[in-house]
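Could you put together the complete structure from these sequences and hints?
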Amino acid sequence: MPVAYPRRIAALILRFAIGIAPHDTLDWGRGMLSELSHVQGNWAALIWAVGGAGVLAKHALLSVILPGSHRRTLSSASELFSEEGPRRKTTLAAIGACTVASLLFFLAPIFRQAFHVSLAQWHNVIHVKSVFDVQGPDPELETLARKAERNHDAEGLAFVATRTTNQSESARLTEKAVHLDPKLTWIYAVVAVQYPSLPEINQWVPLLQQSDPQNALPNLIVAEKIDIDLVVREKIPHRVEEQPAAWQNAMAAAFQSPKLDNYLARLIELDRRVLLRYQVDDPFQTLGDDRWYGLPSYAVADSSSYAHWLLESGRTLEAHGDRKGAFEKYLTVVRFGQMLGPVGGFFLRRERELQEACKRLGAISEEEGNKVEAAFYTSLADQTDRAQHEELISLTNKFKGSDVSHWNAFLVKASGLVILFSGGLLLTCALAIIVRGKSLRLSALRPSRSTLVVGLCGAIGALLSSAVLYVTYRPYAEILQRFMRNGDETSLTELSSFLDTTQRPLGAQGFLDVSQFAFYFWFGVVLLCIFGLLVAVFLRFQHRARANAAT
Amino acid sequence: MKIPRISPQTVRVLERFIEHPTAWRYGYELSRETGLKSGTLYPILMRLAKFSLLETKWVTTEDGVPPRHTYRLTPKGGELVRSLPGAASAAVKVRRPAFSGGRA
Numbered sequence: 001m002p003v004a005y006p007r008r009i010a011a012l013i014l015r016f017a018i019g020i021a022p023h024d025t026l027d028w029g030r031g032m033l034s035e036l037s038h039v040q041g042n043w044a045a046l047i048w049a050v051g052g053a054g055v056l057a058k059h060a061l062l063s064v065i066l067p068g069s070h071r072r073t074l075s076s077a078s079e080l081f082s083e084e085g086p087r088r089k090t091t092l093a094a095i096g097a098c099t100v101a102s103l104l105f106f107l108a109p110i111f112r113q114a115f116h117v118s119l120a121q122w123h124n125v126i127h128v129k130s131v132f133d134v135q136g137p138d139p140e141l142e143t144l145a146r147k148a149e150r151n152h153d154a155e156g157l158a159f160v161a162t163r164t165t166n167q168s169e170s171a172r173l174t175e176k177a178v179h180l181d182p183k184l185t186w187i188y189a190v191v192a193v194q195y196p197s198l199p200e201i202n203q204w205v206p207l208l209q210q211s212d213p214q215n216a217l218p219n220l221i222v223a224e225k226i227d228i229d230l231v232v233r234e235k236i237p238h239r240v241e242e243q244p245a246a247w248q249n250a251m252a253a254a255f256q257s258p259k260l261d262n263y264l265a266r267l268i269e270l271d272r273r274v275l276l277r278y279q280v281d282d283p284f285q286t287l288g289d290d291r292w293y294g295l296p297s298y299a300v301a302d303s304s305s306y307a308h309w310l311l312e313s314g315r316t317l318e319a320h321g322d323r324k325g326a327f328e329k330y331l332t333v334v335r336f337g338q339m340l341g342p343v344g345g346f347f348l349r350r351e352r353e354l355q356e357a358c359k360r361l362g363a364i365s366e367e368e369g370n371k372v373e374a375a376f377y378t379s380l381a382d383q384t385d386r387a388q389h390e391e392l393i394s395l396t397n398k399f400k401g402s403d404v405s406h407w408n409a410f411l412v413k414a415s416g417l418v419i420l421f422s423g424g425l426l427l428t429c430a431l432a433i434i435v436r437g438k439s440l441r442l443s444a445l446r447p448s449r450s451t452l453v454v455g456l457c458g459a460i461g462a463l464l465s466s467a468v469l470y471v472t473y474r475p476y477a478e479i480l481q482r483f484m485r486n487g488d489e490t491s492l493t494e495l496s497s498f499l500d501t502t503q504r505p506l507g508a509q510g511f512l513d514v515s516q517f518a519f520y521f522w523f524g525v526v527l528l529c530i531f532g533l534l535v536a537v538f539l540r541f542q543h544r545a546r547a548n549a550a551t
Numbered sequence: 001m002k003i004p005r006i007s008p009q010t011v012r013v014l015e016r017f018i019e020h021p022t023a024w025r026y027g028y029e030l031s032r033e034t035g036l037k038s039g040t041l042y043p044i045l046m047r048l049a050k051f052s053l054l055e056t057k058w059v060t061t062e063d064g065v066p067p068r069h070t071y072r073l074t075p076k077g078g079e080l081v082r083s084l085p086g087a088a089s090a091a092v093k094v095r096r097p098a099f100s101g102g103r104a
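Keeping their order, the protein sequence lines are chains A and B.
For what it's worth, my numbering labels the leading residue of the first sequence as 1, then goes sequentially.
For what it's worth, my numbering labels the leading residue of the second sequence as 1, then goes sequentially.
These are calculated hints, taken from the structure and not from any lab test.
Since the structure is predicted, the reported quantities are computational estimates derived from the model, not experimental observations.
C-beta: ideal position from N, C-alpha, C; glycine also.
Please note that the accuracy of each hint is not assured.
[Claimed, not checked] Some chain A residues near chain B, calculated using beta-carbon distances under 8 Å:
1) 34
2) 37
3) 47
4) 48
5) 52
6) 54
[Stated by the list, open to error] Calculated lysine to any residue pairs in the SDA-like style (CA-CA distance at most 20 Å, straight line):
7) B:37 - A:38
8) B:50 - A:274
9) A:58 - B:49
10) A:438 - B:57
11) B:37 - A:15
12) B:57 - A:38
13) B:37 - A:30
14) B:37 - A:166
15) A:371 - A:390
16) B:37 - A:47
17) A:89 - A:324
18) B:57 - A:27
19) B:57 - A:18
20) B:37 - A:50
21) B:37 - A:448
22) A:147 - A:97
23) B:37 - B:49
24) B:50 - A:60
25) A:58 - B:9
26) B:37 - A:57
27) B:37 - A:11
28) A:89 - B:8
29) B:50 - A:26
30) B:57 - A:47
31) A:176 - A:194
32) B:50 - B:78
33) A:438 - B:6
34) B:50 - A:166
35) B:50 - A:18
36) A:183 - A:261
37) B:50 - A:62
38) B:50 - A:397
39) A:176 - A:274
40) B:50 - A:54
In structure tokens, the structure reads:
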């Protein structure tokens, strides 16, 4: 009968191991090989060969590392049993050294920050909350607010006001901050953009207009509030003419304003000062949420339809021969588009109103024989087209993030997970040793070989993952420090993309997957608990059956 | 004299030898009786032999079958095992054979 493949492979493995084994173990290797033909079962023969080959390979490796170890002559029989002691001590020392080295990483503030970032992925999984529960308290912010109130720190209060998810608290802190320091009136605008349905906005807008009369933002805030009220009342107008007069006036004033400042630059500076003052080193707090835009989204989106309406009006005036009136209308659109800038301009450029206005201005200038002005507006129209394309690419890249930041975020998340797992292994081993020794005296603690192996794996895992976490996160910590100390915004987008990715649990592709991930995570936990319970019950019954058989 | 600690696996192997101190035993036979896999059993046997507590011999059982490596406690080994209180008389537990691929 032909020899089965597993058995053939088993013989091959053992023969290979014999080939590399040191001279004094050859007999043992041949002994294992001769026994192979007596092992019952093909797979059992393969397992026999793998085990035996492992022994020979270990001796081969030892003979390479310690050439004299296989020529040692016996000294006394008691050495037989004392040999395990030093080995165990060496392993314990290695476990201890690796564990201490891993713990030493925690002394470095950068590492503590990195570890905090690596755990961010679990925040949405562990803190499962209702979709309506958006006003979750932030203990860190609450502490900062208390400190700022105690110190009468207007900037500290403004910092919390722009970040808290509690709308009424945000309004209260804003008013208190401005009361303490009237120079902070602009904070009203930031909070109003964040919470456009706050009733306090009606009192804030005149103050904003008074402090910064040329800014279009207060008018956009007014238009935004009217917009949202209409949406809430489900009376959404589809044409500009159907909008309330207050909205039309606010929008007209916004389009006529000479500047648009969303106060983002001031806010970033304020954030930096407060973070340094209160020594907040949480990168998520530092960067905040969605600060890239900072404009009332409804109003800016509606500015597109208002611009469209202005263009229509301009065409009508042109048709009636009023070129000057038409020119003014088109110019208003172009000026507002330029004012919105690279980010806000996206809304206006999307509908091509800006490009159309530039083209019409070029055409009127041409008709009036003003060739220089016509060429200027034509080139502006081309630039607008290119700028729109570049802006789209830039926005897409911003949201997608770079491959490097995604890979680094993966490494950070995986390292954090391995540190937790390794810590768990080490803790389990420590408990197992204490339970086995039934004492806390060092001399009574005798770890088994398997405990030592698991402990060593845990310690090495903890050390390696700590090192990977530190090395991977360090460049991002430097970006953050540069920004905090000098306001240097270089690579801040990269940091932002990295932090965004670290908040998604491993395996979840997008933010939308997080809720599904949380479901699968807890489902898995429940399944594991049920499995553990079943195993415990099974072991209990097996133990009882053995006890009954013994009696 | 303070007796050094012996691993439970070594105790199992010594138990098998001490039952019939003069008998020659095969590796696979010991493996089945002790429930130890080859990767655990052979290092124990090798260490016992290294300290002259175990002697080894090649034996030919029948024609055409390769000779087998066999093991037996030396008088020194037997003496040492008997001097270990409780070592060789450790509680006998029901153990699963190491390789239960079929019947011997």
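We went through each hint and held it up to the structure:
Residue-level restraint check for residue 34 of chain A holds (minimum Cβ-Cβ distance to chain B is 5 Å; threshold 8 Å). Below 8 Å, beta-carbon pairs count as interface contacts, and residue 37 of chain A has one with chain B at about 7 Å; its hint therefore holds. Taking 8 Å as the C-beta cut-off, the interface hint given for residue 47 of chain A holds, the closest approach to chain B being about 7 Å. Contact between residue 48 of chain A and chain B, as hinted, is supported at the beta carbon level, the nearest pair being about 5 Å apart and thus within 8 Å.
At a threshold of 8 Å, the smallest CB-CB gap from residue 52 of chain A to chain B is about 4 Å, leaving the interface hint in force. Look at residue 54 of chain A: its Cβ gets to within about 5 Å of chain B, closer than 8 Å, so that hint holds up. For the hint pairing residue 37 of chain B with residue 38 of chain A, the CA-to-CA distance comes to about 14 Å; that is within 20 Å, so the pair holds. With a CA separation close to 72 Å, the supplied pair residue 50 of chain B and residue 274 of chain A exceeds the 20 Å bound.
With a CA separation close to 18 Å, the supplied pair residue 58 of chain A and residue 49 of chain B stays within the 20 Å bound. For the proposed pair residue 438 of chain A and residue 57 of chain B, the alpha carbon gap of about 43 Å is over 20 Å, so the pair is violated. For the hint linking residue 37 of chain B to residue 15 of chain A, the alpha-carbon distance of about 19 Å falls within 20 Å, and the restraint holds. Between residue 57 of chain B and residue 38 of chain A the alpha-carbon distance is near 17 Å, which keeps this suggested pair within the 20 Å criterion.
Between the alpha carbons of residue 37 of chain B and residue 30 of chain A the distance comes to roughly 17 Å, so the proposed pair stays at or under 20 Å and holds. In summary, the hint linking residue 37 of chain B to residue 166 of chain A is not supported, as the alpha carbons are separated by about 64 Å, beyond the 20 Å threshold. The straight-line distance between the Cα atoms of residue 371 of chain A and residue 390 of chain A is roughly 28 Å, outside the 20 Å bound, and the hint therefore fails. Of the pairs offered as hints, the one joining residue 37 of chain B and residue 47 of chain A holds, with about 8 Å between alpha carbons and a cut-off of 20 Å not exceeded.
Note on residue 89 of chain A and residue 324 of chain A: the hinted pairing is violated, with a Cα-Cα distance of about 94 Å set against a maximum of 20 Å. As the CA atoms of residue 57 of chain B and residue 27 of chain A are separated by approximately 10 Å, the hinted pair is consistent with the 20 Å bound. For the suggested pair residue 57 of chain B and residue 18 of chain A, the alpha carbons sit about 18 Å apart, so the restraint of at most 20 Å is met. Under the criterion of a C-alpha separation no larger than 20 Å, the hint pairing residue 37 of chain B with residue 50 of chain A is consistent with the structure, at around 10 Å.
Taken as a hint, the residue 37 of chain B and residue 448 of chain A pair is honoured in the structure, with Cα atoms around 17 Å apart against an allowance of 20 Å. As the CA atoms of residue 147 of chain A and residue 97 of chain A are separated by approximately 41 Å, the hinted pair breaks the 20 Å bound. A distance of roughly 18 Å separates the Cα atoms of residue 37 of chain B and residue 49 of chain B; the hinted pair therefore holds under the 20 Å criterion. Distance check on the hinted pair: residue 50 of chain B and residue 60 of chain A sit about 16 Å apart at the alpha-carbon level, within 20 Å; holds.
As the CA atoms of residue 58 of chain A and residue 9 of chain B are separated by approximately 19 Å, the hinted pair is consistent with the 20 Å bound. At roughly 16 Å between alpha-carbon atoms, residue 37 of chain B and residue 57 of chain A fall within 20 Å of each other, so this suggested pair holds. Distance check on the hinted pair: residue 37 of chain B and residue 11 of chain A sit about 17 Å apart at the alpha-carbon level, within 20 Å; holds. Of the pairs offered as hints, the one joining residue 89 of chain A and residue 8 of chain B holds, with about 18 Å between alpha carbons and a cut-off of 20 Å not exceeded.
Of the pairs offered as hints, the one joining residue 50 of chain B and residue 26 of chain A holds, with about 14 Å between alpha carbons and a cut-off of 20 Å not exceeded. Using a Cα cut-off of 20 Å, the hinted pair residue 57 of chain B and residue 47 of chain A is violated, with the two alpha carbons roughly 24 Å apart. Among the hinted pairs, residue 176 of chain A with residue 194 of chain A is consistent with the structure: their alpha-carbon atoms are about 18 Å apart, no more than 20 Å. Taking the CA atoms of residue 50 of chain B and residue 78 of chain B, the gap is near 15 Å; set against the 20 Å cutoff, the hint holds.
Between residue 438 of chain A and residue 6 of chain B, the direct Cα distance comes to roughly 19 Å. Compliance with the 20 Å bound is thereby established for this hinted pair. For the proposed pair residue 50 of chain B and residue 166 of chain A, the alpha carbon gap of about 76 Å is over 20 Å, so the pair is violated. Simply put, residue 50 of chain B and residue 18 of chain A have alpha-carbon atoms about 19 Å apart, close enough for the 20 Å limit, and the pair holds. Between residue 183 of chain A and residue 261 of chain A, the direct Cα distance comes to roughly 16 Å. Compliance with the 20 Å bound is thereby established for this hinted pair.
Only pairs whose Cα atoms come within 20 Å are accepted, and residue 50 of chain B paired with residue 62 of chain A is accepted, the gap being roughly 16 Å. Restraint check for residue 50 of chain B and residue 397 of chain A: not satisfied, since their Cα atoms lie roughly 68 Å apart, outside the 20 Å limit. Of the supplied pair hints, the one linking residue 176 of chain A and residue 274 of chain A holds, its CA atoms being roughly 16 Å apart against a limit of 20 Å. Our distance criterion of 20 Å between C-alpha atoms is met by residue 50 of chain B and residue 54 of chain A, whose separation comes to about 19 Å.
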